[in-house]
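Asks: These are the residues of each chain, in order.
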Amino acid sequence: MTSPLTYLLAIPAAATLLLGLIAHYRIGALLNVLASGATLVAAVALLFADRVRTDIFIIDDFNIYLVILTAFVGFTTSIFSATYIGHELEIGKLTPVFLRFYHALYQAMMAAMNLALVSNNVGLLWVGVEVATLSTVMMVGIYRTPEAIEAAWKYFILGSVGIALAFFGTILIYLVAQPVIGEGLPAMAWDLLLRNGAAFDAKLLSLAFVFLLVGYGTKIGLAPFHAWLPDAHAEGPTPISAVLSGLLLNVALYALLRFKMLLAAHPDTLNVGAIMIALGLISLIFSGFMLYRRRDIKRLFAYSSIEHMGIMTFAFGMGGPLANFAGLLHMTLHSLIKSAIFFAVGHIAQVKGTQRISQIRGLSVTHPVLAVGLALGVIAIAGLPPFGMFLSEFMLVTSSFARQPLLALVLVAGLLIAFGALVLRMQDVLFGEPNGPAGGVKASYIPLFVHLALALMAGLWLPEPMVNWFRAVAAQLG
Amino acid sequence: MPLRIGLACVVAYLVAAVLAVVIGRRRAAPAVVYGAIVAISAAGLGSAFFALVSGDLNTRLALPLGLPLTGGALRIDALSAFFLLVVNLGGLAAGVYGIGYGRHERSPLRVLPYIPAYLAGMNFVLMADDAFTFLVAWEFMSLASWILVLADHRREENARAAYIYIVMASAGTLCLLLAFGLLAGPHGGYAFTAMREAAQPPLIAGLVFLLALVGAGSKAGLVPLHIWLPLAHPAAPSHVSALMSGVMTKVAIYGFIRIVFDLVNEPASWMSLIVIAFGGVTAVLGVLYALLQQDIKRLLAYSTVENVGIIFVGLGLAMAFRAHDMAVPAALAMTAALLHVLNHSFFKSLLFFGAGAVVHASGERDMERLGGLIRRMPHTAIVFLIGCAAISALPPLNGFVSEWMTFQAILVGPQLPHWGLKLIVPTVGALLALAAAFAAACFVKLFGTVFLGRARTAAARNAHDVDRFSLAAMYALAALCFLSGVVPGPLIDMLAPVAHALVRARMPEQSGIAWLSIVPIAASRSSYNGLIILSFLICSGVLTATVIHRFATRATRRSAIWDCGYPDPSLVTQYSGSSFVMPIRRVFGAALFDIRETVEMPPPGSAKPARFSLKVFDPAWRFAYGPGTRAIWTAAGKLNRLQFLTIRRYLMLVFAALIVLLIVVAAWR
Amino acid sequence: MAMIYDLVAQGLQMILVLAVAPFILGVTRKVKARLLRRIGPPLLQPYRDIWKLMHKEAVMAHDASWLYRGTPYLLFATTWVAAALIPTYSTGLLFSWSADLIAIVALLATGRFALALAGMDVGTAFGGIGSSREMLIASLAEPAMLLVVFTVSLVAGTTQLSAIAEHMIHGSVGLRVSLGLVLFSFIFVAIAENARIPIDNPATHLELTMVHEAMVLEYSGRHLAMIEAAAALKLTLYFSLLVCLFLPFGMATGDKSPLAFAIGLAFYLSKIMLLAVLLPIAETAVAKMRVFRYPVFLGGAFATAALAVFLLFVSQGF
Amino acid sequence: MTSLQFDIAHLLAGGMLVLSLLLLYQDRILATLNVFALQAIVLSLAVAWQAYVQGAMHLMVTALIALVVKGFVIPAALNRIVYRLGIHREIEQVIGAGPTMLTGLGLIALSILLVMPVNVGVTALAREDLAFALAVILLGLLMMITRRNAVTQIVGFMSLENGLILAATGARGMPLVVEISVAFSILIAFSVFGIFVFRIRERFDTVDLAALDRFRSERSTLQ
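Chains as they are written, first to last, in my numbering: chain A, 8 to 485; chain B, 718 to 1386; chain C, 2 to 319; chain D, 37 to 259.
Don't read these hints as lab results, they were simulated from the structure.
Among these hints, one or two may not hold up.
Said to hold, decoys possible - So, partial list: chain D residues that the calculated Cβ filter (under 8 angstroms) puts toward chain A:
1) I148
2) L150
3) A162
4) L166
5) F193
6) E197
7) L200
8) A203
9) A204
10) R208
11) G209
12) M210
13) L212
14) I216
15) G230
Just so you know, even glycine gets a beta-carbon here, dropped at the ideal spot from N, CA and C.
When you get a sec, could you build the whole thing from the sequences and use the hints?
Replies: Rendered as structure tokens:
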């Protein structure tokens, strides 16, 4: 099969090996950007190639835009990371030796995520997610400061447990499918599972889902499985924070949703919607409160990622065309906006030389452009119009209030709490008497503002095919 | 056609905003931007007015933007046309004022781009015909004004004000969101047309009403949701304060009317009861708070709260009459409310402009440090006096007309066949009378302390009148106050289609009545003629003056103050604003506020000065908002411990969750 | 022709109130003096005072502003117009409909507003005291006044003074408890508004509890004359308002013949004379109050009026 | 499948479960390592038996990996670490052995409760294996959270993963099992490597937060 799919997987894989050999960081960064760009091209090409469907791989409405999104964010982040890492080298926070691993791992992660997205085989899906996780573990620890290692360890241990549980869930899925579909690969092919879902044993399927929920939920960062997430975001290099929040969480959620579809297709399984709603609301409220006492700006936005993952989980738990649509839209926008925010935050932390919120003041005076970027990002992530997240929250709140008023009230309360915290911190950072250096900033604003522009566009106008994809998937999600 | 013009205006505003970003740093920028605002809002004003009088309304327009699949819907009906009129009038005035005032802006990039954006948002709210477009515009408006509040961001209290403002605003938006969610139903009929057709069961209608009351009320400044208003409105530059107080609160009221009278339109007695009660309380408390302020702009902001209360009383009465199918009184009450909307936008903008002029001239917002400005800034003094008289509901100015009409509606109240309403209507009438008296006291205090007496500081002594653009804007508004006070008939007729669209009835045609007087219901019942009153006043006043000057004496001698023979030259012995309100504070305030008065009287013989200090707190903080914020903060503190667990404990969390879920599965059959 | 006749009638009323006002004041003073075992000033003293003041030169503080000079005329004009719009000897005069009861009360408020400002103009302590207390009294009196209006208009179904008077004359009003109560609280309000004892003392100047006199302390000459005249007019106004609302009998309602006018005039004059005698009698019976007792006094008025409203509801049946 | 085959499979799986309990019981590191090694060997036997029963010879690879890596290499490595880093030999348990055992028994009951009702189409063998595997996994987790010591936690994780392999091989004809078992071995190698390189003794667990405050200004917000 010489479809774009091949390149989608082959390019990053090849780049991983190649980058492993290259010591010089400029070339490495350049190659990184090129490879990501090529991957993006391949991903876009998927739109025009005809849909693939084998026991191993599949391209359908659900993953096609996620693949493109992933490739896109990967590309922009690689651009951002080129300038960012350059600065880190100058101030000697990183050494070229580790940079070699950095770029290689970056591509490895991209490859793994693409694999996870396009794989039709639930086992392969699992492999993809796990490889992506492990490669990010490495990158989180790359600064080798004690707290970075601490974060990496936390991530590693919790991640591994998650891995194990998710794998057990996968085994259960196979066990439940094998009698119906027969042994071997077909019994792990997702679309076949979906087709024969009704015949499965409900009990075992529910059990499987519980393990998958906990396993992948750890990756999604749902409370109470979230512990690794804030530290990993705060201590790793910012580009990694961007892809973690922007992509990896999405991929994990995507994996979970694939299985949610299986259960949705089955009439009498456990009501997983309720469980997801509960987890979502817990994450939302919890992170909303956690936002208030944050002192580290990257950790702040890490918690906001937990919050938004909670919102999405709530939406998918709610189900129904509107809520699911909202959830899917929210996924897309969150990865765009949150990565944009991390771009801004990365540069801010560099120009101010600190991540402590209390030491960053009056940014709108010293660095207006960065300030505007951050402000727009926070406005967008807080779900204010005219950015797209308002659309998704609008649909979610209205539709769920019409169906489950009390739950919707909890949701609204959580949104408000989190909003209050975010705006409070943003005002602290942007306004007031400026402090810290006002020096010029060697930053690449393009990724930041491109992301924001896309988020803005989504708020005002969604392209037709995208809407159709969302609706189709929303229907499947039940 | 008006719809297209309106849309063009919105686009033009946005373009102006972008332009402002581009040229912001140039010296000519303010003139250009404000000029653009003047032009655009003049166009919008014209089209809205034309639409209202010619009845070229209810045109629809579907935008490809907005909600997926359905897109955004725009529509201008009589209601939105009227409010477009209000908004663009305010924009026009603010623009003219800004041409002069904006020159002194320290950091124009923090102001210039956002005023057009703000106006665009407000215009768009009024044209929206589906929930999503409405809320987008609504929140956009809040955002723009939030940044404007932060224009002078280095002052700590401004940042705080902006923060409280934006949080309250989005809380309100969420309430509206929920209301629309109920109206739209689970299948998401977000278009207003669909909502109108869907008949709501009483429970839903009631819920929607409450949510709308909270959502729109928090933006309009209904007590006790008003706390952000007196903080945020003064913080912005004065012409923006004028827009916020004079215009944005009206947009909020529009939102309330739109939902309650148009989308739901099944008013029940209990709803109207709530609205009337809240309106009355808001009116009295608002003006009482205003009385106790020392900061000019904050005083004005609080008086906005009062006027919002009066408007809500009118709306509540309209709901009550509508609920009992008393169409004509309903029309009267509604017209009164709408007229007050218009009038308040006149004199509140005027007053804020005046305050801006004073603040700019003297650099002081604390009225206790001003005084005697009537001699330094005669023009500002005249227009400000007119504004004060108008807002104190004194004939023959416009404030009186709308309040008089509200009273007329109240006097019909007893005919309502509903116990609660029967009893509350006279009570609220008394409350409104009280509010009117307080308003008079409040503005006597304001004008007396700021413009009369002797200058208390050098700043006040060296003040000077403002530039001619600002003065032009203020004079124009003053003229409007006069005009709509003396010949309100045409305005009332102009409002007829609006009232008819909302309550299926209109006030009697005013234009036919002799001597241009106005008749709310029937000539035998009550009537008022500002024109004749005014001419009588002028005639008799001028007559007596001339007679005396002619036949008696016109000799005048200037000398020192007499003051009962014990004149005290020092400036501090004049009555200050806070001493002016002391009796009222003692009589009314003590129960309603937590007021801290401390007197330090040094022992006889010691040279220390005696000190008197007075602190007034808004009890809403003490009892509602303070505890709430503290609760959140403590909760955050307690949860925060979860940030510092060891990995093992985190694993325990995971394990526990897993076990719980497994037990759920095991238990589930 | 008829037009001119109406105009004349209206003009006559304007002249009438203006002419009669100082005399009313004189009567009250005289009666009061007699009650206090004094001879008292002649009945025409108020005219003399005003005349004398008019011809004196006006002494003004150096930094008195145009507002200070304009206020007396404005005050006088508002009071005069208000007084002229109240039916005295006849209902339905030419311009009687141009302001109803509420508007008339508001007109007086305009005058008060201007006077209070003037009191603060030159920046003395006394002026401030006067203005601030005046506004306090107003804020206490207006709710009660509104409830009075409310009740009356509820009985008569209108706030149009002429219409009310006619209704009281012809309409089957009967003897209403609530009307009695309203009359009571109306009198209270009137006392407060006219700065009479026990709220204020028009006779003294240097008493710390004074209100109205403190505001006008700085005035002299023709300005003071205007203010005095306005005060007299205001008293007359409230008298005729009371007459018009509660005992309008004898007023010319139907036919507008000179004879009817004459009868109405006679009735009117006798009625206000009676009031002018009664007022000082009441005044001598009570003592001046402390400022912070005002709320009790006017609160009583408010309570009575509110009671009247509710009783009316009861009598009309909800 | 004959009952003999079933009984043997059953016996081996049960043996693993017993060993897991035994792991929970240990309070000395070296003994723990030995017990774990024993469990790994039993696992490899079980896997081998499954390979023979299912006639899926590629599972032999998994068995071999289990035997070599987990049975000998890693225990040896951990032994070495214990000596090198001078980790003191007693395991500080969060809760005593007794309660731990009771909890473990409860977990076993839960897992049986969960799996036994399942019978539709799934072969008895798979089901029994599943029950035991689930129990082993839960016990592994339990061990991880009741031990304060890095090495023992790794051991717990590895026994958890033994359970996984057991379940995976129990599932007849499941693809990718071998690859995944390899991947897991690498994962574990990582963790062991990590402990060694980062000198994480007890530190990785009882990270004293005071040390972290210097770097991360979060904790000061606690008071």
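Asks: It remains to establish, for every hint, whether it holds in the given structure.
Replies: Verification of the supplied hints:
| no. | hint | in the structure |
| --- | --- | --- |
| 1 | I148 | 13 angstroms, violated |
| 2 | L150 | 6 angstroms, holds |
| 3 | A162 | 6 angstroms, holds |
| 4 | L166 | 7 angstroms, holds |
| 5 | F193 | 6 angstroms, holds |
| 6 | E197 | 6 angstroms, holds |
| 7 | L200 | 6 angstroms, holds |
| 8 | A203 | 5 angstroms, holds |
| 9 | A204 | 5 angstroms, holds |
| 10 | R208 | 6 angstroms, holds |
| 11 | G209 | 3 angstroms, holds |
| 12 | M210 | 5 angstroms, holds |
| 13 | L212 | 5 angstroms, holds |
| 14 | I216 | 7 angstroms, holds |
| 15 | G230 | 7 angstroms, holds |
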